[in-house]
Amino acid sequence: MKLICWNVRGLGSPRAVQRLRHLVKQHNPHVVFLMETKLDQKRMERVRRNCGFMNGIEVGADGSRGGLSLAWKEGAGITLRSFSKWHIDALVMGDDSRDKWRFTGWYGSPYARDQSQVWRILTRLSREANYPWLVAGDFIEIMYSFEKKGGLPREQRRMEIFKTTLEECVLTDIGYSGTWFTWERGNLPETNIRERLDRGVANDKWISLFPKVCIQHLPFAASDHCPLLINLRDVRILSRANRFHFEAWWTMEESFESVLKDIWESTSGELMEKLKILQGGLEQWAKALNRRGDIKKKITEELETLLMADRDEETLKKIIDKKIHLNMEIDKEEVYWEQRARVNWLQIGDKNTTYFHRSATTRHRANTISKLVLGDGIEVTDDAGLQEAAKDYFETNEALQSPFKEEEVRSALKGMGSVKAPGPDGFPTLFFQKYWHIVGKEVLDFCLGVLNEGKEIDSANMTDIVLIPKVSQPTSLVNFRPISLCTVIYKLVTKTIANRLQEVIGNCIDEAQSAFIPGRLIFDNILLAYEMLHTFRQKRTGKKGYMAVKLDMSKAYDRVEWNFVKQVMRKMGFADGWIDLIMKCITTASYAIIVNGSRGLSFQPSRGLRQGDPLSPFLFLICSEGLSALMRSAKTSGLIKGAKASRRGPAISHILFADDCILFGEATESGANILKEILKEYANCSGQCVNFDKTTVFYSTNTSAESKEVVSSLLGVRSSSNPEKYLGLPNMVGRKKKQAFQNLVDRIAARIEAWSSRLLSQGGKEIFIKSVLQAIPTYAISKDEGGLGFRNMTQFNISLLAKQGWRLLNCPDSLVAKVFKGKYFPDKNFLEARLGNSSSYVWRSIWATRDVLRKGMIWRVGTGQDISISEDAWIPNFINIRLMSRFNNLQSDKVAELINSNDREWNRELILNTFPGAVADLILRIPLASEPHADLMAWSGELSGEFSVRSSYQLLQNLDPTAYALQTSYRNCYKKLWQIDLPLKIKLFIWRLHLDLERFEDEEFSCWLTIILTSLAPKQGRIFCTALWAIWGERNTRMHESRSRSGQEIAKFVLSYLKELEGIKKSAQHTLTTNVKWRPPSGQGVTINFDAAFKASSRQSASGVVVRDQSGQVLLSVTKIHEGVESVFTAEALACNRATQVAFEMEKENITIEGDSLAIIKKCKTTTLDKSQIGSLIYDIQRMKQRCSKIQFQYIPRQANQLAHILATETLKRRSEIYLVHSVPRYAEAQMRDESMREPD
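Counting in the UniProt record's numbering, the sequence shown tops out at residue 1241, every number present.
Note that these hints are calculated values from the structure, not bench results.
Just to be clear, a hint being listed does not mean it is correct.
[Unchecked claim] Subject to a maximum C-alpha distance of 25 Å in a straight line, what follows is the list of computed BS3-like cross-link-like pairs (lysine-lysine):
1. Lys455 <-> Lys405
2. Lys803 <-> Lys818
3. Lys414 <-> Lys434
4. Lys544 <-> Lys635
5. Lys405 <-> Lys1185
6. Lys644 <-> Lys828
7. Lys544 <-> Lys676
8. Lys571 <-> Lys584
9. Lys1190 <-> Lys405
[Claimed, not checked] Quick list of simulated restraints, FRET-style, between CB atoms:
10. Glu946 <-> Ser870: 20 to 30 Å
11. Ser208 <-> Lys1077: 52 to 62 Å
12. Glu453 <-> Gln1192: 19 to 29 Å
13. Asn55 <-> Met793: 48 to 58 Å
14. Lys261 <-> Lys571: 46 to 56 Å
15. Leu1055 <-> Lys1077: 37 to 47 Å
16. Ile483 <-> Glu1049: 46 to 56 Å
Positions of the beta carbon are idealized from the N, C-alpha and C atoms, including for glycine.
Sequences and hints are given; from them, build the entire structure.
What follows is the structure in structure tokens.
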């Protein structure tokens, strides 16, 4: 069925009627709703019949204003319900006589005096009859500011009223295809106004009834409004072979793991063959299971029977069992829909099946391709044609090469999303992560065979391509983004490669590129672009103007030439073996396009990178490095000069974020010609293509009109006086800051509103509110202080800006830091910088965060030469931060005065005689490196010493004098409440109860509740909170449903509910744990294991170190006791330091140091200076590693580090150190024998 809605702006002229007849003839709609006919009933009836509609209803115009008409053809089955001068409401009978739905043609009032009444009518209509409901027409209002261009900005209040009305009516915008606006006025650029006034909105039932609905904005000429063509397009049953898809809810079936194990162990052959057999076996198993709906229905019926029966012990036992079973089935359904909707249900919490169902339905409707317009203008709508069209369109050195290890593959698997869309084999990452103990061996053999032995990857390199719409209801392939769904096996191989490549890619890529490279951020380029364009706008003098060309690269990933990437890698110096491995991965791929769920024929590409392949981002950086190389070469040769933000700053010729690129240069004829030649050369070699129609150029203020015309003509791009967005943010922010960012705010609001909070549960709403609300005082305070932990957005914004200030301090070699330093603080550091005149909005914002940084910074002691004893913050955990007093017995105010430089230890006697006991103790706990290094500035809020937005925000909260402060008893009460193991809805009820008691000043009850919550043990607290919640529920039932239960029944409900929760928790926690044992090193290598034991009360720790060879025999066991240890973190670092010393003293090749502290192992693997409190110990370890290249570090689980653990704990307990060759103490002999029994490979 098709409908047309059109504000015709009058049908009094024959020409207007002719246009209407043409529209009807062209699209052949079943129903037509017309607005602003400006005709009386009789004249409109004649026009309707003239257009071929014998059935209809007319609402006459009020003079020359208004007038409505609803016309329909025979068989449409329209029944009139109500009408007014603003609407016509009717009931529509679908093709299936059982499918009735409502259609309301709507015409809003252009007059402010009528608008309140109009919205009230719509709200009233929403309360009538619960049918699937579509409302379409001219609402004469927009929802967001980005739905209007030109003229005065729309009042925020009017848009909010419109959105609120739709929310109250539970109506959702359906979307559209075609032009974004539906009304236009003004034939000159300065007077042109465009708005999206006409739209279709519907409730969830209607959208579910017509999931493939399409609203098209048709071209218009006879009116200033465009007609809306609403095509319901009933869902067709596609004839296609079902594709295997692993369902996440299978993992919750008790029988699944045993079935999987039986199938897997009973088959032989290569990995991909075994997975194929497993597909068939699992499909048969799944079919044998009753569907979730049938199971739920059966359980519910059984539970209803039990609930009606008399209560006895056996009946209650059965009721609890049935409830647990029913909840498990509901959980499975949530996982099923979560996998469909790609929404993290654990974050949203509770039972949100309705939300997931709608989210999945919406995504399916948005991703369905119903029509494509080919290059020659031909429309293709059938599935075979869509497949063919899509196929034709998309057809068009030592460290790197060292053998890959099992741990690298496992690490890659851990880093992959569990339920992301699977590839052609249907198995998601979740399957391999959860059942690694069954399938892991074969997967490892396959991956390491490809990585280390040169085996082929073709069998796993099959790719499904799904087309994700870039715009609403697209009809051209240009408007789709191809996403590759690779098999998990293939992604395991390439992610393992990518993890290695990531470590070195920063050395190969130009500093102008900020995407996908560790240590570089997207904000770097946003700040650079903003600062450069601010400079351009401020530049009013000088003979030469400058230009910024914002490139639009067409289908950047799809056009990459493989040979070009190969040659660039070779030029960069990558080894041939490494290049061959990467080229094997990208050149052996086969594609199949998925259109509307159906897989097309397989084909092999000859170029392009896949969006979805872990390698693709890095390979695209290598490709784009070709452009950077050409720009550098031209700059070195003097052909281009780039542009500067200041005289002392660097000249910038280009900045890149993946394929988003801005080129800078002189706005001259020669400059334009050189840029054009560079782009042409880059395109010829790499396959990249610049879309000059979408490329824009912005000029500095001093550029002459003649130069602008010449440059724009040569480049073939349009000139822009106001630069467009770069990486999603406005490039220029003037005085009207709210207007500059309003578009961004509206788009966020539109996305949030699409979630429809009405479908979320109580627990889900907390997540929703956290995502939507800003600094409402009651909510913005922390949970411990009686709030819900929502962020104060002002303070959070300051913290985000402070991060940029921290980077200016600590990354002076980054391009953005060079630009800002050259312009604003050339002879100082950031903390000493001045604001300056005519500074940019970005600089003013970052500069304002210096005080926050000063309050959170602390020195890490190296030589101590740069640190003031009295004025600097350098003592960890010192309450007053700075000493702020002079000490007469010291010759110098520098910390170096307190260190014995010969043995690199604190001058204990001097410190004890100079400082108070507590301060002296804190100083003596600071570890010193055995070799001096420069003093480091670190961040006190994090153990790592690195700045974090989280800790900065916490600092601002602590410094805020207006912060909400609670008594200690209340704070403990709230802290304990949020720690109770209960569903979020119960904890939220208790929180609201406590808060209301405070508000209404019921001090006695409030104090009683506080005391109870604070004093009860966790188990009792669970019972107490659940009982309060149950009593409140009973109160509501008595008031609203006139039903009641006795106190004994309520008590039974509380206990059975808690028992039910325990049952669900045990079922959810059921996982098969594998027994991980220590494994001897391969070849002639040696393994050194270390661990630490820590006693906080005495500030003591013990290090346990054991050295073993390839046969598992102990070569050395040694322990050491340490005094004045600050934390368990420091204890682990001391143990690692001792293990490294042992390794350094050994004359062995291939020494691997293993520990179960992942943080320590990661620090030891890096070469950068560590800023944490243990930085000096890490520095010593790094120095020993540099001198002895045979040492490497590796993390192992706690279970595999038991011998070192026993040595450390027993040493601390017995207060006795050991140093034994070829043996261990008697208390560790049993563990030594157990671990020396080598597991079979």
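Hints, verified against the model:
no.: 1; hint: Lys455 <-> Lys405; in the structure: holds, 16 Å
no.: 2; hint: Lys803 <-> Lys818; in the structure: holds, 17 Å
no.: 3; hint: Lys414 <-> Lys434; in the structure: holds, 11 Å
no.: 4; hint: Lys544 <-> Lys635; in the structure: holds, 17 Å
no.: 5; hint: Lys405 <-> Lys1185; in the structure: holds, 21 Å
no.: 6; hint: Lys644 <-> Lys828; in the structure: holds, 20 Å
no.: 7; hint: Lys544 <-> Lys676; in the structure: holds, 19 Å
no.: 8; hint: Lys571 <-> Lys584; in the structure: holds, 19 Å
no.: 9; hint: Lys1190 <-> Lys405; in the structure: holds, 17 Å
no.: 10; hint: Glu946 <-> Ser870: 20 to 30 Å; in the structure: holds, 26 Å
no.: 11; hint: Ser208 <-> Lys1077: 52 to 62 Å; in the structure: holds, 54 Å
no.: 12; hint: Glu453 <-> Gln1192: 19 to 29 Å; in the structure: holds, 22 Å
no.: 13; hint: Asn55 <-> Met793: 48 to 58 Å; in the structure: holds, 55 Å
no.: 14; hint: Lys261 <-> Lys571: 46 to 56 Å; in the structure: holds, 50 Å
no.: 15; hint: Leu1055 <-> Lys1077: 37 to 47 Å; in the structure: holds, 43 Å
no.: 16; hint: Ile483 <-> Glu1049: 46 to 56 Å; in the structure: holds, 54 Å
Against the hints set out earlier in the document, no violation occurs for any number.
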